[in-house]
Amino acid sequence: MLALREALQKRGCECLLERETAEMAGEEGGIEAVDFSQHVDIAAVLGGDGTMMHAVSRLGHFEKPVAGINIGTLGFLTTCTDVDLDKFADAVAESRFTTSTRMLLEATVRRTSGAVETFFALNEVALARGETGRLVTLKAMVNGEWLNRYRADGLIVATPTGSTAYSLSAGGPLIAPQSSVMVITPICPHSLSQRSLVLSDDVEIEISPERADDGPMLFTVDGRDTTRIDPGDRVIVKKAKRTFNLLRLEGTSFYEALRQKLGWQGV
Numbered sequence: 018m019l020a021l022r023e024a025l026q027k028r029g030c031e032c033l034l035e036r037e038t039a040e041m042a043g044e045e046g047g048i049e050a051v052d053f054s055q056h057v058d059i060a061a062v063l064g065g066d067g068t069m070m071h072a073v074s075r076l077g078h079f080e081k082p083v084a085g086i087n088i089g090t091l092g093f094l095t096t097c098t099d100v101d102l103d104k105f106a107d108a109v110a111e112s113r114f115t116t117s118t119r120m121l122l123e124a125t126v127r128r129t130s131g132a133v134e135t136f137f138a139l140n141e142v143a144l145a146r147g148e149t150g151r152l153v154t155l156k157a158m159v160n161g162e163w164l165n166r167y168r169a170d171g172l173i174v175a176t177p178t179g180s181t182a183y184s185l186s187a188g189g190p191l192i193a194p195q196s197s198v199m200v201i202t203p204i205c206p207h208s209l210s211q212r213s214l215v216l217s218d219d220v221e222i223e224i225s226p227e228r229a230d231d232g233p234m235l236f237t238v239d240g241r242d243t244t245r246i247d248p249g250d251r252v253i254v255k256k257a258k259r260t261f262n263l264l265r266l267e268g269t270s271f272y273e274a275l276r277q278k279l280g281w282q283g284v
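Residues 18 to 284 in the working numbering are what the sequence shown lists, from first letter to last.
These are calculated hints, taken from the structure and not from any lab test. This list has only true hints and no planted wrong ones.
Below, computed lysine to any residue pairings styled on SDA-like, alpha-carbon distance capped at 20 Å: (1) Lys-256 - Asp-242; (2) Lys-156 - Cys-205; (3) Lys-258 - Ser-117; (4) Lys-104 - Asp-58; (5) Lys-255 - Glu-162; (6) Lys-278 - Gln-195; (7) Lys-81 - Glu-111; (8) Lys-256 - Leu-191; (9) Lys-258 - Glu-223; (10) Lys-27 - Val-57; (11) Lys-104 - Ala-20; (12) Lys-81 - Leu-121; (13) Lys-258 - Glu-134; (14) Lys-256 - Val-220; (15) Lys-255 - Ala-145; (16) Lys-256 - Gln-195; (17) Lys-27 - Glu-111; (18) Lys-104 - Ala-274; (19) Lys-156 - Thr-129; (20) Lys-81 - Leu-34; (21) Lys-258 - Glu-221; (22) Lys-255 - Gly-240.
Distance windows between CB atoms, simulated: (23) Val-215 - Gly-43: 40 to 50 Å; (24) Arg-36 - Thr-269: 22 to 32 Å; (25) Leu-33 - Gln-282: 40 to 50 Å; (26) Cys-32 - Glu-221: 37 to 47 Å; (27) Arg-212 - Gly-67: 22 to 32 Å; (28) Arg-251 - Leu-33: 39 to 49 Å; (29) Ser-210 - Cys-32: 50 to 60 Å; (30) Thr-115 - Arg-212: 31 to 41 Å; (31) Asp-247 - Ile-88: 33 to 43 Å; (32) Glu-40 - Trp-281: 35 to 45 Å; (33) Trp-281 - Pro-233: 34 to 44 Å.
This one's a predicted model, so the numbers in the text were calculated from it and none came from an experiment. Note that the Cβ used here is the ideal one computed from N, Cα and C, for glycine as well.
Kindly generate the complete structure, drawing on both the sequences and the hints.
Written out as structure tokens, the structure is:
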């Protein structure tokens, strides 16, 4: 963090710290994360892809560019690594960067008690078995129409950004980040005919437990927020009205990240 701030200040950029970050650095006067958009033009997040997803929750409604500085190797979401701080600072000072607008999911949990909780995800939401070691039965609806009854360990609803994460591990397709779609991927389905399904991003997906004897399940958001889902509860997923804007340096791309992270060598 200190090295990044020094590089930016050398180029005339004013740097402000988020409150918890300031406390970690032993400094005072940090800004609350949810208020960051009122004070900065760009937010820089130090860490990997997981830290970037955490930033979605911490920053709230933040429509300005977010740069990820990875400590190690370049991730799918990060802008550069910590060895490229001078290059990054030059690009910011000279406005030589682009933004990649990423879709967010808005997931609403509606409980039988009438309680409602809303979450936002950059990668995916997942409803999976809880304490039971058995397969569970999940009902999926699209725009109010019955889609399928899945017997599996769970279901993932992912954005194009999330297609390279949990959904990919479960056998889902790779999707270019600017595609206007979302994908439903079953986790370890009982039947090989239960495949991933790519849908337009203007649909509303509803997922709910089908059988009471499956017991409570776990609903997770970007592997971060976890909440219990009981029989009778429903999870409604749709495209969020707000977006997340990743800062990209010149000469970098999603396809470059694919080649690097997946080890594509060509023929």
